[in-house]
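Protein chains: 2
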Amino acid sequence: MNYKTQMEAAKKGIITEAMKIVSQKEQITEDLILKRVAAGSIAIPSNINHKSLNPEGIGAGLRTKINVNLGISGDCPDYKREFEKVKMSIALKAESIMDLSNYGKTFSFREKLIDYSSAMIGTVPIYDVIGYLEKKLIDISAEDFLKVVELHAKQGVDFMTIHAGINRNTVSKFKESGRLTNIVSRGGSLLFAWMELTGNENPFYEYYDDVLDVFNKYDVTISLGDALRPGSTADSTDCGQITELIELGLLTKRAWASNVQVMVEGPGHMAINEIEANMRLQKRLCHNAPFYVLGPLVTDIAPGYDHITSAIGGAIAASSGADFLCYVTPAEHLRLPDLQDVKDGIIAAKIAAHAADIAKGIPGARDIDDRMSAARQRVDWECMYECALDPEKARNYRESVAVENESTCSMCGKMCAMRTTSAILEGRDLDI
Amino acid sequence: MNYKTQMEAAKKGIITEAMKIVSQKEQITEDLILKRVAAGSIAIPSNINHKSLNPEGIGAGLRTKINVNLGISGDCPDYKREFEKVKMSIALKAESIMDLSNYGKTFSFREKLIDYSSAMIGTVPIYDVIGYLEKKLIDISAEDFLKVVELHAKQGVDFMTIHAGINRNTVSKFKESGRLTNIVSRGGSLLFAWMELTGNENPFYEYYDDVLDVFNKYDVTISLGDALRPGSTADSTDCGQITELIELGLLTKRAWASNVQVMVEGPGHMAINEIEANMRLQKRLCHNAPFYVLGPLVTDIAPGYDHITSAIGGAIAASSGADFLCYVTPAEHLRLPDLQDVKDGIIAAKIAAHAADIAKGIPGARDIDDRMSAARQRVDWECMYECALDPEKARNYRESVAVENESTCSMCGKMCAMRTTSAILEGRDLDI
Numbered sequence: 001m002n003y004k005t006q007m008e009a010a011k012k013g014i015i016t017e018a019m020k021i022v023s024q025k026e027q028i029t030e031d032l033i034l035k036r037v038a039a040g041s042i043a044i045p046s047n048i049n050h051k052s053l054n055p056e057g058i059g060a061g062l063r064t065k066i067n068v069n070l071g072i073s074g075d076c077p078d079y080k081r082e083f084e085k086v087k088m089s090i091a092l093k094a095e096s097i098m099d100l101s102n103y104g105k106t107f108s109f110r111e112k113l114i115d116y117s118s119a120m121i122g123t124v125p126i127y128d129v130i131g132y133l134e135k136k137l138i139d140i141s142a143e144d145f146l147k148v149v150e151l152h153a154k155q156g157v158d159f160m161t162i163h164a165g166i167n168r169n170t171v172s173k174f175k176e177s178g179r180l181t182n183i184v185s186r187g188g189s190l191l192f193a194w195m196e197l198t199g200n201e202n203p204f205y206e207y208y209d210d211v212l213d214v215f216n217k218y219d220v221t222i223s224l225g226d227a228l229r230p231g232s233t234a235d236s237t238d239c240g241q242i243t244e245l246i247e248l249g250l251l252t253k254r255a256w257a258s259n260v261q262v263m264v265e266g267p268g269h270m271a272i273n274e275i276e277a278n279m280r281l282q283k284r285l286c287h288n289a290p291f292y293v294l295g296p297l298v299t300d301i302a303p304g305y306d307h308i309t310s311a312i313g314g315a316i317a318a319s320s321g322a323d324f325l326c327y328v329t330p331a332e333h334l335r336l337p338d339l340q341d342v343k344d345g346i347i348a349a350k351i352a353a354h355a356a357d358i359a360k361g362i363p364g365a366r367d368i369d370d371r372m373s374a375a376r377q378r379v380d381w382e383c384m385y386e387c388a389l390d391p392e393k394a395r396n397y398r399e400s401v402a403v404e405n406e407s408t409c410s411m412c413g414k415m416c417a418m419r420t421t422s423a424i425l426e427g428r429d430l431d432i
Numbered sequence: 001m002n003y004k005t006q007m008e009a010a011k012k013g014i015i016t017e018a019m020k021i022v023s024q025k026e027q028i029t030e031d032l033i034l035k036r037v038a039a040g041s042i043a044i045p046s047n048i049n050h051k052s053l054n055p056e057g058i059g060a061g062l063r064t065k066i067n068v069n070l071g072i073s074g075d076c077p078d079y080k081r082e083f084e085k086v087k088m089s090i091a092l093k094a095e096s097i098m099d100l101s102n103y104g105k106t107f108s109f110r111e112k113l114i115d116y117s118s119a120m121i122g123t124v125p126i127y128d129v130i131g132y133l134e135k136k137l138i139d140i141s142a143e144d145f146l147k148v149v150e151l152h153a154k155q156g157v158d159f160m161t162i163h164a165g166i167n168r169n170t171v172s173k174f175k176e177s178g179r180l181t182n183i184v185s186r187g188g189s190l191l192f193a194w195m196e197l198t199g200n201e202n203p204f205y206e207y208y209d210d211v212l213d214v215f216n217k218y219d220v221t222i223s224l225g226d227a228l229r230p231g232s233t234a235d236s237t238d239c240g241q242i243t244e245l246i247e248l249g250l251l252t253k254r255a256w257a258s259n260v261q262v263m264v265e266g267p268g269h270m271a272i273n274e275i276e277a278n279m280r281l282q283k284r285l286c287h288n289a290p291f292y293v294l295g296p297l298v299t300d301i302a303p304g305y306d307h308i309t310s311a312i313g314g315a316i317a318a319s320s321g322a323d324f325l326c327y328v329t330p331a332e333h334l335r336l337p338d339l340q341d342v343k344d345g346i347i348a349a350k351i352a353a354h355a356a357d358i359a360k361g362i363p364g365a366r367d368i369d370d371r372m373s374a375a376r377q378r379v380d381w382e383c384m385y386e387c388a389l390d391p392e393k394a395r396n397y398r399e400s401v402a403v404e405n406e407s408t409c410s411m412c413g414k415m416c417a418m419r420t421t422s423a424i425l426e427g428r429d430l431d432i
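These protein sequences, in sequence, are chains L and C. Anchor point for the first sequence: position 12 equals 12 in the working numbering, and the numbering is continuous, going up by one each time. Anchor point for the second sequence: position 385 equals 385 in the working numbering, and the numbering is continuous, going up by one each time.
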């Protein structure tokens with residue numbers, strides 16, 4: 001092979017196997033995929049060591065993808081349960097899984113995960129640094145951080161969140177402008193603490209070129225983390241967030257110069273009226289790099305229902321340009337999600353992504369909706385279940401209540417509008 | 001009293017008790033409320049016979065309100081359960097309840113409801129015509145329809161959905177242009193069937209002035225129903241929908257000329273990219289009358305989760321001008337909602353309404369979010385629960401998993417970003 005990364009191949013005019021697969025999945029020509037991978041507006045995260053991967057593209061003109069977070073943590077170190085989440089995520093067609101493990105046997109869990117998963121795998125190496133190295137934060141060296149990054153890369157992780165944008169400049173602006181909820185990014189807060197405790201520059205910023213060398217070697221996509229993503233609607237689009245975004249735009253160009261694929265991470269909590277402007281700002285400042293958003297959550301007051309606040313923000317974000325949605329579960333802000341939370345989070349994220357794809361005019365996006373609508377018009381329940389995002393839930397709902405008339409449901413019974421209208425248009429008798 | 005309706009009072013420069021209450025609730029001067037009620041851009045549905053009402057305004061510059069649908073139906077004639085829904089709706093601060101009963105003792109249920117409810121009450125009289133009169137649809141006369149309208153008005157119903165816009169002109173356009181899902185409005189389909197079977201004009205259109213006389217007498221607000229609301233994303237913003245909307249705009253002016261307050265009902269199913277344009281179109285064609293929307297559902301393929309598809313559409317609609325959101329429950333398209341469905345529907349609608357109010361800059365809307373965010377920053381769980389839309393669910397979620405550290409939750413444990421950042425900024429020791 002005369003290339004190391006998808007981006008290098010694209011720049012050399014080589015259509016890779018991954019590009020071919022993406023082209024087929026997205027109904028977009030191989031040539032256009034190649035051009036966009038070369039320009040950086042599409043990323044195909046695909047570590048050369050992730051053999052079981054079924055590659056997906058993320059970016060301009062493609063279907064909106066979704067990511068599921070899971071992993072082993074100190075308060076809930078249940079390996080089996082976390083693997084159940086993996087299986088469910090793949091069964092529900094999530095395109096990506098981030099393993100956020102930060103406790104215990106992270107290495108072997110990740111190994112098993114990469115071996116099993118056809119979905120792309122992401123990690124946040126800094127979460128793993130403390131657990132894996134068994135050191136206190138202040139005792140960790142810049143080399144330690146890079147060591148864990150290399151370990152993940154070698155194992156086959158397709159993309160990694162690297163919070164390289166929270167450098168001294170960003171921290172100084174954040175401190176000067178002040179905030180209601182300071183730093184809510186877990187990785188960001190650890191790096192901030194490390195920088196303040198050691199007096200050193202952010203190691204991912206200072207040694208960014210070394211990080212890129214590793215990423216280039218294994219074709220890891222860099223997901224530029226937003227340490228200062230707003231943790232409340234009060235903090236969104238503020239000095240800290242935008243200062244960091246400017247840094248991320250500069251870091252994007254540097255990564256591309258090394259043929260490393262890039263995604264940029266985004267907010268967070270944000271009122272509806274700011275979302276579209278944020279999408280445009282990111283696309284401009286980050287040179288059309290794919291935008292990966294968490295939420296945004298459009299209000300702060302709905303713990304227990306943040307899959308919904310996030311679906312609202314995610315749908316608006318994706319229809320205004322975001323390419324990749326991180327799921328949020330009902331457990332957000334409250335506990336580690338259980339299996340049902342994971343399912344609810346995935347479905348809500350898929351709704352947001354799909355609704356955005358219809359709005360964006362992604363090729364074929366509405367076909368399944370039209371099949372569903374035609375089935376509703378025929379009152380064809382089996383076909384409706386088939387078209388449903390969650391066929392089992394739809395079936396259980398309807399069948400939980402006995403109905404007088406086989407063709408209807410208990411909502412309207414024999415006053416079903418579909419049934420009434422069709423009877424008239426088709427000249428059949430009405431029994432009401 | 002030298003006025004019959006809120007609108008008449010407003011036109012005469014009289015500030016009513018209801019206007020004073022709305023002014024206090026909304027932090028908007030009595031004078032501005034009066035001007036907008038006179039102009040029709042705010043409605044205060046308040047039947048003179050609804051003595052227990054705590055009035056709310058709907059429209060320009062006011063908080064977005066939400067409505068809960070319930071009622072007795074043939075497949076689930078459970079009076080007690082429906083009344084449990086009423087109690088829950090009021091406890092959860094829904095501003096409006098529509099009683100869609102169409103079976104059995106509708107009169108006495110409605111009587112009890114109006115007597116009990118501080119929330120405004122709406123009905124769709126045509127649902128009640130068949131059940132109450134015990135006649136077949138084809139045997140019902142135009143006078144029968146009006147009789148039921150008058151009965152509801154006298155009982156104290158604050159607003160009624162009247163599908164007066166589906167007249168011969170609208171039907172002819174609908175038939176000519178064709179549709180994937182025809183008519184999905186229950187009331188609209190019944191009127192369409194009646195018109196086709198009898199050959200008569202829509203009685204609510206033909207005898208619109210008689211309807212207005214009744215509404216004027218009791219100060220019932222007319223909610224102009226959208227019989228041709230799109231039942232699929234394929235049908236939205238089509239010839240049928242917009243033809244009817246034009247009729248609703250004309251009917252709005254006629255109602256105002258009779259001092260009858262007006263709301264206009266809207267879609268339905270609709271892709272995200274069409275929502276804002278629809279809001280502007282309604283406001284223009286209907287002369288800024290308050291817009292009452294069902295959904296819109298932004299995809300068709302999520303039965304079992306339509307409270308989420310609707311929250312997405314409702315939040316976008318309300319932030320672009322809609323004033324009043326009808327809740328949609330997870331049971332939509334599948335069965336009559338049970339108590340849990342009703343709760344889920346209410347919370348989802350409240351999220352959408354509140355997120356829109358933040359976006360619209362409604363006075364004080366974000367105060368509760370800022371209190372929540374400040375509590376998060378302090379890691380003050382009791383205050384977070386207090387600020388939550390559903391305190392009980394938030395508490396149960398967090399407390400369902402034991403945590404090592406009292407101040408955190410099982411999501412991040414001792415790696416809590418809030419805790420880490422505060423420790424550094426406040427110069428405390430870190431235990432990680």
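None of these hints come from the bench; they were simulated from the model. There could be a bad hint or two in this list.
[As the list claims (entries may be wrong)] For lysine-lysine, the following DSS-like pairs were computed, each having C-alpha atoms within a straight-line distance of at most 27 angstroms: (1) K135(L) x K414(C); (2) K414(C) x K147(L); (3) K414(L) x K136(C); (4) K414(L) x K80(C); (5) K343(L) x K414(C); (6) K343(L) x K393(C); (7) K173(C) x K343(L).
Here's how the hints hold up against the structure:
1. The hinted pair formed by K135(L) and K414(C) meets the criterion: a straight-line CA distance of about 15 angstroms does not exceed 27 angstroms.
2. For the hint pairing K414(C) with K147(L), the CA-to-CA distance comes to about 23 angstroms; that is within 27 angstroms, so the pair holds.
3. Between K414(L) and K136(C), the direct Cα distance comes to roughly 13 angstroms. Compliance with the 27 angstroms bound is thereby established for this hinted pair.
4. Among the hinted pairs, K414(L) with K80(C) is consistent with the structure: their alpha-carbon atoms are about 22 angstroms apart, no more than 27 angstroms.
5. Among the hinted pairs, K343(L) with K414(C) is consistent with the structure: their alpha-carbon atoms are about 26 angstroms apart, no more than 27 angstroms.
6. In summary, the hint linking K343(L) to K393(C) is supported, as the alpha carbons are separated by about 18 angstroms, within the 27 angstroms threshold.
7. Under the criterion of a C-alpha separation no larger than 27 angstroms, the hint pairing K173(C) with K343(L) is inconsistent with the structure, at around 43 angstroms.
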